[in-house]
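> Quick note, the sequences are listed as chains A and B, same order. Per our numbering, the first sequence starts with residue 696, numbered consecutively. Per our numbering, the second sequence starts with residue 696, numbered consecutively.
Hints listed in this document are in silico derivations from the structure and should not be mistaken for laboratory results. Please read these numbers as outputs of a predicted model, since none were measured by experiment. Here a beta-carbon is modelled for each residue, glycine too, at the ideal position from N, C-alpha and C. There could be a bad hint or two in this list.
Computed Cβ-Cβ distance ranges for the label pairs, DEER-style [unchecked claim]: (1) A:Ile898 with B:Leu720: 24 to 34 Å; (2) B:Gly786 with A:Gly922: 22 to 32 Å; (3) B:Asp865 with A:Gly922: 18 to 28 Å; (4) A:Ala864 with B:Gly786: 22 to 32 Å.
Protein chains: 2
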Amino acid sequence: MKALTFRGRHKVNYETIPDPQIKALTDVIVKVKLCAICGSDLHVYHEHEKGMDHATAMGHEFMGEVVETGKEVKKLKVGDRVMSPFSTSCGQCFYCKKGLTSRCVFSQLFGWVENGRGLHGGQAEYVRVPIAENTLIKVPEGINDEQALLLGDIIPTGYFCASQAQIKADEVYAVIGCGPVGLMAILGAIEQGAEKIYAIDTIEERLSMAARFGAIPVNASKINPVGLLREVTENRGADAVMEAVGNSAAGKLAYQLVRPGGIISMVGVSTDESMAFSPTEAYNKNLTFKVGRCPARYLMNKLIPLVQSGKHDFTSIITHRLPLSEGVKGYDIFANKKDNCLKVTLAC
Amino acid sequence: MKALTFRGRHKVNYETIPDPQIKALTDVIVKVKLCAICGSDLHVYHEHEKGMDHATAMGHEFMGEVVETGKEVKKLKVGDRVMSPFSTSCGQCFYCKKGLTSRCVFSQLFGWVENGRGLHGGQAEYVRVPIAENTLIKVPEGINDEQALLLGDIIPTGYFCASQAQIKADEVYAVIGCGPVGLMAILGAIEQGAEKIYAIDTIEERLSMAARFGAIPVNASKINPVGLLREVTENRGADAVMEAVGNSAAGKLAYQLVRPGGIISMVGVSTDESMAFSPTEAYNKNLTFKVGRCPARYLMNKLIPLVQSGKHDFTSIITHRLPLSEGVKGYDIFANKKDNCLKVTLAC
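Take the sequences, apply the hints, and build the full model.
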């Protein structure tokens, strides 16, 4: 099959690799219809995360159709239209039962093979999906392919970022970074009742989209967001900050923005090697810091009705629609924010 | 008056300093009956926190009797027996109304004067208490002097440490360090419904007291607490860890002990310059980290009935009862953990 493969730093190939095979009785093979490049794929691309085997199929955002099922798979059939979270989960373990499906004891991330172990990704014509009956969800009525694709990662991730911020109607929020995670965090926060969300970025196009989604745009190259947030909160700062960039500067800004007793929420891997605040700085602000991988599988069920409702135009973040064969170009556009790129989808 | 004064690193004097005077209409002067040395006084003593003026009266744990009131003070009278949290609070601001009295916008810590500004402490014959009507509480019936003293800091601080850990009856907790904060955190956790608390220390006497308070003692010099906590949680780790030591080793141990999706709670100033985990490590555990100064004033009201009930023997942590005049010796005993010292009180 054709796939976009990891070939070292800043090198993704479109090439032929072996078709995936059913390995366990609970596996399913999905023929990918649509996949996407995620911000966290860039951690692999830039080799911020090291160790992935060359020729691994990239990506963990995909949807498609079941084309083969393991012998124990009963609830899924060939021909089913399915969407997938970015990692597998069993539905039975301590973490799955608690709704923390991203820490399932059988969790495997799509698009990560190291020393021959792991799962190939969804930027390929076919994907093997383990524990498929629990991992995959049949796409329900009224959800199109692009919505199904975004339901697997970016929509729940934004929602989770907001839920960590413990949204209340009368509080003031800041979102740092208006890339896909930040934009989805804005929608997630609104959905959870937020009325005042300051969206911080330096790219006007992203800020415009944040404003369309209901946030108050703050261009940090023109206005000092710390001063502004102080101004609108009687000198306190934001009740919670959703940090959707994941680097040292964003971490420091989050600390400056948050009020004493406030929350900093993160949902992405940071490139920063150490925390942006010391224990004493955190103590001095009575800080709550929450970070982690979104329990996408758990939240997908919860968010299906919202996507079906059509209330938010989630797919408007997709700026580039390319065929899988042009995925190498897709990575270049996305990684280098060319042409106001926010989100690239790839069709098979 | 006589006071224990800061005179530089590891140097506390018992000497005569000027009597405090009413400075504001809302001030009160308290004649101290009983005061105590707190673990955080040692940050000053060891000069982990630098900048305090020489000749500042030390300490922030005290109780006593009102001997003079500012002209606007109506609710307190000369002769009232009062207890005090470690810092002042107004009761009116955003933070006070939220119950985060430790971040009151008018908050001042007792026992910290820097460049002539701040408040002298309670290890003295007299203390000036600003915003006294809100800061002080009349000691109610059934609470003795030692209980009133501990209600001002260590009892609510332990309770707060446990409340940050979001105690549930069926979860497994670890407390790192069985000094006064750790021991009070054990009682706080039990009061909030915890049934399984593993108390980690290396000093047998402290572990015995932890066991008497209802925890399961773990001597870390004999047993690996990480292995033990894994064993009793199907290899997960503690649902929440209360870190009551505040150094690098304790921070790292807390990270190792906590399960994915768990909470690390801290209530003290740490001597560690950077956080014990990186953003990626925190992400990999879906960590919640909560730290801050206990809202003692807010919690004191809540905890009065518990202390009155006599359910827990809070004052059993007091190992040394000395006169204020022997406070220099008290610091030496406490700072160097001589004679199994846990808590030193000083009587005027």
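> Kindly indicate which numbered hints from before are broken by the structure, ordering the numbers from low to high.
Per hint list: 1 and 3 violated.
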